[in-house]
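Visitor: Given these sequences and hints, build the entire structure.
In UniProt numbering, the protein residues as written are 1 to 161.
Please note that the accuracy of each hint is not assured.
As the list claims (entries may be wrong) - So the derived label-pair ranges between C-beta atoms look like this:
| hint | residue 1 | residue 2 | range |
| --- | --- | --- | --- |
| 1 | Glu126 | Asp72 | 36 to 44 Å |
| 2 | Lys136 | Ser65 | 29 to 37 Å |
| 3 | Gly121 | Glu81 | 36 to 44 Å |
| 4 | Glu27 | Lys91 | 33 to 41 Å |
| 5 | Ala28 | Arg139 | 17 to 25 Å |
| 6 | Asp77 | Ile137 | 16 to 24 Å |
| 7 | Asp5 | Asp78 | 47 to 55 Å |
| 8 | Lys91 | Asp7 | 42 to 50 Å |
| 9 | Ser123 | Asp7 | 19 to 27 Å |
Just so you know, the hints here were simulated from the structure itself, not pulled from any lab data.
These numbers were taken from a predicted model, which means no experiment stands behind them.
We treat Cβ as the ideally placed atom computed from N, Cα and C, and that holds for glycine.
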Amino acid sequence: MLEHDFDTSIGFWVFTAAHAMEASMNEALAPLGITSRQVQILGCLAVHGEITQNELAEKLRVEPSSVVRMLDRMERDDWIERVVDPNDRRKRIIRAKERAEPVWNSVREVMAPIKAHAMSGVSESELATARGVLQKICRNLSADVPCELQSEKEISAAISR
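Guide: Structure follows, in structure tokens:
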């Protein structure tokens, strides 16, 4: 019989916490007509400004084809624009449009209580320890895949502002 102790599996709890956070975010974001993945895109644009589609896919750790589908919808909603890179016509540069600003502000308002609820009962010390452990795990597993901890921190700060 297959056995596994999920209670002690860090991978199980990381996945479960991430899934619960994403589900809460998507539920709260639905009335705004935006998904948590699209919020991540706006967050990247808030932190990095213009960025190529491939760079965006790398930062989000998803396949470029997945980014294209998300960007198609965001472009349709007039939140972003894709322009040809003047230095390399094969590349597309993503820019946030003015219409994304009120959406971004609404996202920040919606996210604050979710983050507060998720962290209720968790001390700053516990949070710092959890972050440190997760950062170590990320570094340990990131020999071939960059783990851009600073960028993630900046994106989180951009959402919190």
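Visitor: Evaluate each hint against the coordinates.
Guide: Evaluation of the provided hints:
no.	hint	verdict
1	Glu126 x Asp72: 36 to 44 Å	holds (40 Å)
2	Lys136 x Ser65: 29 to 37 Å	holds (31 Å)
3	Gly121 x Glu81: 36 to 44 Å	holds (43 Å)
4	Glu27 x Lys91: 33 to 41 Å	holds (35 Å)
5	Ala28 x Arg139: 17 to 25 Å	violated (31 Å)
6	Asp77 x Ile137: 16 to 24 Å	violated (36 Å)
7	Asp5 x Asp78: 47 to 55 Å	holds (49 Å)
8	Lys91 x Asp7: 42 to 50 Å	holds (47 Å)
9	Ser123 x Asp7: 19 to 27 Å	holds (22 Å)
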